[in-house]
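> Since chain A is already given, all that's left is putting chains B, C and D on it; use the hints.
Protein chains: 4
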Amino acid sequence: MQTKYPIGILGATGMVGQRYIQLLENHPWFEVAWLAASDRSSGKPYGEAAKWRLDTPLPERIARMTVSPAEPTGAPKIIFASVDAPIARELEPKFAAAGCAVLSNSSAFRMAPNVPLVIPEVNAEHLHLIEEQESRKQSGGYMVTNPNCSTIGLVMALKPLEERFGIEKIFVTTLQAVSGAGYPGVPSMDILGNVVPYIGSEEEKMEAETLKLLGRLEGHAVTPLSAGITAHCNRVAVVDGHTECVSVKFRKQATREDILAAWAEFKPLAGKDLPFAPQQPVYFDGQPDRPQPRLDSNREKGMTVTVGRLRPCNLLDWKFVALSHNTVRGAAGATILNAELLANLGKLEPVAEGAARA
Amino acid sequence: MQTKYPIGILGATGMVGQRYIQLLENHPWFEVAWLAASDRSSGKPYGEAAKWRLDTPLPERIARMTVSPAEPTGAPKIIFASVDAPIARELEPKFAAAGCAVLSNSSAFRMAPNVPLVIPEVNAEHLHLIEEQESRKQSGGYMVTNPNCSTIGLVMALKPLEERFGIEKIFVTTLQAVSGAGYPGVPSMDILGNVVPYIGSEEEKMEAETLKLLGRLEGHAVTPLSAGITAHCNRVAVVDGHTECVSVKFRKQATREDILAAWAEFKPLAGKDLPFAPQQPVYFDGQPDRPQPRLDSNREKGMTVTVGRLRPCNLLDWKFVALSHNTVRGAAGATILNAELLANLGKLEPVAEGAARA
Amino acid sequence: MQTKYPIGILGATGMVGQRYIQLLENHPWFEVAWLAASDRSSGKPYGEAAKWRLDTPLPERIARMTVSPAEPTGAPKIIFASVDAPIARELEPKFAAAGCAVLSNSSAFRMAPNVPLVIPEVNAEHLHLIEEQESRKQSGGYMVTNPNCSTIGLVMALKPLEERFGIEKIFVTTLQAVSGAGYPGVPSMDILGNVVPYIGSEEEKMEAETLKLLGRLEGHAVTPLSAGITAHCNRVAVVDGHTECVSVKFRKQATREDILAAWAEFKPLAGKDLPFAPQQPVYFDGQPDRPQPRLDSNREKGMTVTVGRLRPCNLLDWKFVALSHNTVRGAAGATILNAELLANLGKLEPVAEGAARA
Amino acid sequence: MQTKYPIGILGATGMVGQRYIQLLENHPWFEVAWLAASDRSSGKPYGEAAKWRLDTPLPERIARMTVSPAEPTGAPKIIFASVDAPIARELEPKFAAAGCAVLSNSSAFRMAPNVPLVIPEVNAEHLHLIEEQESRKQSGGYMVTNPNCSTIGLVMALKPLEERFGIEKIFVTTLQAVSGAGYPGVPSMDILGNVVPYIGSEEEKMEAETLKLLGRLEGHAVTPLSAGITAHCNRVAVVDGHTECVSVKFRKQATREDILAAWAEFKPLAGKDLPFAPQQPVYFDGQPDRPQPRLDSNREKGMTVTVGRLRPCNLLDWKFVALSHNTVRGAAGATILNAELLANLGKLEPVAEGAARA
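Chains as they are written, first to last, in this note's numbering: chain A, 264 to 621; chain B, 264 to 621; chain C, 264 to 621; chain D, 264 to 621.
Keep in mind that the hints were calculated from the coordinates and are not lab data. A portion of the hints provided could be inaccurate.
Which copy? The list can't say, so a pair holds if one copy fits it or any two copies do.
Lysine to any residue pairs mimicking SDA-like chemistry, simulated, CA-CA at most 25 Å apart [stated by the list, open to error]:
id, residue 1, residue 2
1, Lys432, Glu294
2, Lys267, Pro349
3, Lys432, Leu608
4, Lys314, Pro269
5, Lys314, Leu573
6, Lys512, Arg574
7, Lys515, Pro356
8, Lys530, Gly429
9, Lys314, Trp297
10, Lys610, Tyr268
11, Lys432, Cys576
12, Lys512, Glu431
13, Lys512, Ala471
14, Lys530, Asp318
Bound conformation, chain A alone (with noise of 0.2 Å):
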């Protein structure tokens, strides 16, 4: 036990801190041992500060931790942050100053020029980025974070097809579950039996992210995926899975069978062992009216993302539905695949020998 790394969350209470501390129960190579949130739940049990809202029940012994403040003393060297735009651009560049690794799943530093935007199947070349950051420098210390959970499904079901064919165009219609919203979130007022056809802000980092994350580390930087892409983004009366409706254009000929093989074959982790990476990243399901929010969401434990409905698109090329868990592979389960990644590339030694001589 002695030998899993201290794992420090920020923004504890939340519902992506929840899933945080529900996907860790148990890790193998991770252990929650600090929890931070605002100041009024700072000081009490996490059993009584957090409204548990998952289906499986609250571990007895992070249920009696007590919340810290969110601070950089007395943390661990490695922090999963998920907190709000506002709060991560000032918190999260002080844990880093002071040493720590953040891994965040907050927008506010996502398309910072030197912060690494990484999904491990899809660009973790771009992870080098960290080497740009002032803390490294300084303290060791550096961000990464991890995207938007509506650009998760979409990206990973294109990026096989990217390799392969070249994107030109991509257009997504997305069908989001109010998880993504937090709690409380979406009021029931608003989404009973409605759609709710605005989430402010998610179109724009869609599109921008998106492109970010196919781009290519050139030098110091990365320079964005040359491509056109639209996004519309709704809200609907479904707890977790995000549904993607995607058109796309290639700069080659792709068949039927060429896509299918291109996300058949796509096993980019397939040999480093990483606990959370699933043995099919995406995958494809043929049944006509596949995938669906309340029956594919948790494929390989909300890691894979299933997508279906390949079919010829009368403006683009082909169009397709995607679909995937958003607060697992979109939310907690990814900044635990990049932490895995991280600490498989050995970029949390450092970090969390420093932890040990703290």
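Coordinates of chains B, C and D only, in the frame set by chain A:
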């Protein structure tokens, strides 16, 4: 009261049949005089044969009417029809041959070259096609169809734009209500907390019907609009109201103000005093998160299409959201408005006279 | 138009405040003249201060009205109030002291001995309690309350039975709509595909209010009905309409026919011509699976309570289901009907005159 | 692997049939060996015959199995059955006569005097009734039933209280999930944003089954518990998990602590090591707003009944809320646990041997 047109309803026990009954109660021109349904219902009082699913009481007069067999003998000369396509394919021509004006919500004949597919605000002139029908020459009877529930909101929103700017490309993703699938229709196990990203034949219908509706009557046939269109259709947990995310490319440049003016000034039926024609067929709601099905479907008794979220599209020119009440504007109300227009054009008189003579 | 009573609304931006505005549009006797809300809203146009959540458009005249501070100066002499209990506790007596008739949907004073808790069809005579209020003597102002949204459906259904058979024991389980919790109210994460078997203080309110409403005015106070009552309250994924499962034990024997007759003949306001009084306050629907909130809440514009499923109870005498529209009959409509009754009794005149003099 | 009991499933394509398959995957004692369904499915591969509605993938081995006709020839000697009552009435005795142990979730024979209706934690001793069955003497075959999905949560919660305090009166109102009605089951038009306060025969089943389950085996028959019970049954918009509001009157006085102790100490299967027996069959959650179906149904893999909101009742003694997973603890898991108990008691051996001999 004796001056009202007697109306027969084919498919009277279904969801759209129920809407016909609801919407025709107190209609100033039309009166339900005959109800037909499948053999199982025939001979029973309507109140017993139908499982009434609407939130206004079933009118007592209707509840006591006996359901007739689905054949022309004894039926009035104006028929509103909403039955499954295979049944429509067999029955509707029979009624037309027997001298009836068959106003149909069924999909069977929508794409037939000599059958008008009409939205009164969009393409009233297509009604001339009835003169191409054999039955018209023989018995005076004819068939007129209204579009699929998902087509109608899209086309209403596009028509004013097509008129002013020309349309080159259309991208649409739908989030459709369950009432569109009839009753029992969608199983609750499929849609509670879920999305079904597939509706059989819906995408094909939307694509084909849209181009016919926006097409031009030339000689004896309609030349479809020459534009590219692609549709993604989804079922969501909404009772009434189809939400549609649209991107569109014009032939001429159009500013935001141009588009808003095109919608605001689109009043092609003004002055005709048709009871079901909304004052504002396409209403723009400027709030950032509208239209929404639960809040906006019933605008002008469900006959107005509400549009919102007009903003530039990175791939085409503009994107917006359109919403329409799928069983009113998109089905029963569509048939009724077609009938009102035909009455206004004097095209119901001969058949009604025929009825009077019978 | 100048003959209408000017009405002030306290808590105008809330869910019930919005319903007051919706229901008073085109009211023959009352006209909204003044809107007050929290300091945050005060000074803004109502259309900007309120997030309108109803499915009819916000009237333009109201949208342009400026929200006033929540104090009596400048307010009309008839106030409809729906604010949280702690605020009501402070504000409502101030308005009464200033000479206003305060008709309140708030819970703060419902159980106060000298404040009438009234449903016009049930206990109009309790209105005499206003003469016991200090403010009435000083300034003419007074407070009248209507019950909790869950109480009102139960009591309407029970009153005709209590009159004829006497009630000894009441068992009730509620399935309550989310609109009863206001906006933002219940988080969607709590109620999508879920039941919350708890609503703070609701069971206590239902139990106490029911006995006061069915009680007898004796001298200067109401003696509550001497009966046993127990309530289980639940929140379910319904927008509007509280469903209540009731078992009841009578003091006298009652057959099924006796009970149906009691409900059918219960028309205590007949002849008074109050605009919001339903023709049939308690309507029995004999279908096996009714009433249902989505289908039956709007009966007689939401002012009728629908009952059904009358059948023997193994433990008490009879069981049945009652349904009422919780924000119309159960809140805003209840206040309005109380105001209509007070107008009919001449109890609004002095305060309205006071307003005229001011 | 060859030591596992081969299991046949009657009604394999239905919702409970699917749960049997899901829950038996990797079961240490049982292995699905034979699948039967209606004639329409017979002869097809299971993956084609069944519309799989669960959120874990259909096991490939099962998908490839051919669906057999629903007759004993070629079937294993242990049959799990979940078919409609009329079909069960005909088929189950045939299988028993052919020497099978028929463990049934169907309602057909639950109330038959010589058929045990069993929950292992509640009334294991009722299993002796199988010796009263004619088939047992002839062929060794017999029938054992488990209760209705709504009964089981109630009875599990009541049994520890009945043992210690005696039960005199039971009042229960249910809020039941749609999965209890099978597939397609409840139409979405009936339940979206709605409550259906009626489930055919459900109240009668709950009332009768509860008293039989809590009854005493005396000689050759079960004497039902002598207690009063009344049930109100409702369908709500929940996928899995029945919520039940219960009031109960005891024969002896019981404090809150007494009741909590009765539940906490109720572990009648401890030491038997049955794979599906939960550690804590009845778990009390002390949070004010629990249990909730979305959060608590899956406790101990869906086999635990969660209780909460224990508080005094004004009419009876105590009231509380009970929640159980209706297709696991309330159906498929119930059958499996019955089979495990029978295996533990050696009552599967003869039939299994029979199977081996066949």
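> Each of the hints needs a verdict: does it hold here or not?
Do the hints match the structure? See the list:
1. Neither within a single protomer nor between protomers do Lys432 and Glu294 lie at most 25 Å apart by alpha-carbon distance, with minima of 42 Å and 50 Å respectively.
2. When the C-alpha separation of Lys267 and Pro349 is checked against a cutoff of 25 Å, the pair qualifies neither within a copy, at 31 Å, nor between copies, at 51 Å.
3. When the C-alpha separation of Lys432 and Leu608 is checked against a cutoff of 25 Å, the pair qualifies neither within a copy, at 33 Å, nor between copies, at 47 Å.
4. In the homo-oligomer, the alpha carbons of Lys314 and Pro269 lie at most 25 Å apart inside one protomer (24 Å), although the nearest pairing across protomers, at 45 Å, exceeds that limit.
5. For a Cα distance limit of 25 Å, the shortest separation of Lys314 from Leu573 across copies, 20 Å, qualifies, whereas the shortest one inside one copy, 40 Å, does not.
6. Within a single copy, Lys512 and Arg574 get their C-alpha atoms as close as 13 Å, and across copies as close as 22 Å, so both meet the 25 Å cut-off.
7. In this homomeric assembly, Lys515 and Pro356 never come within 25 Å of each other (Cα to Cα): the closest approach is 42 Å inside a single copy and 49 Å across copies.
8. For the identical chains of this complex, Lys530 and Gly429 are intra-copy neighbours only, at 18 Å inside a copy versus 46 Å across copies, given an alpha-carbon limit of 25 Å.
9. In this assembly of identical chains, the alpha carbons of Lys314 and Trp297 lie at most 25 Å apart only when taken from the same copy (18 Å versus 40 Å across copies).
10. Taking the closest pair of Cα atoms, Lys610 and Tyr268 come within 25 Å of each other only inside a single copy of the chain (12 Å); across copies the shortest separation is 51 Å, beyond that limit.
11. Proximity of Lys432 to Cys576 under the C-alpha cut-off of 25 Å is found in both arrangements, the shortest distances being 12 Å within a copy and 12 Å between copies.
12. In this homomeric assembly, Lys512 and Glu431 come within 25 Å of each other (Cα to Cα) both inside a single copy, at 5 Å, and across copies, at 18 Å.
13. For a Cα distance limit of 25 Å, the shortest separation of Lys512 from Ala471 qualifies both inside one copy, at 18 Å, and across copies, at 22 Å.
14. In this homomeric assembly, Lys530 and Asp318 come within 25 Å of each other (Cα to Cα) only across copies, at 24 Å, whereas the closest approach inside a single copy is 30 Å.
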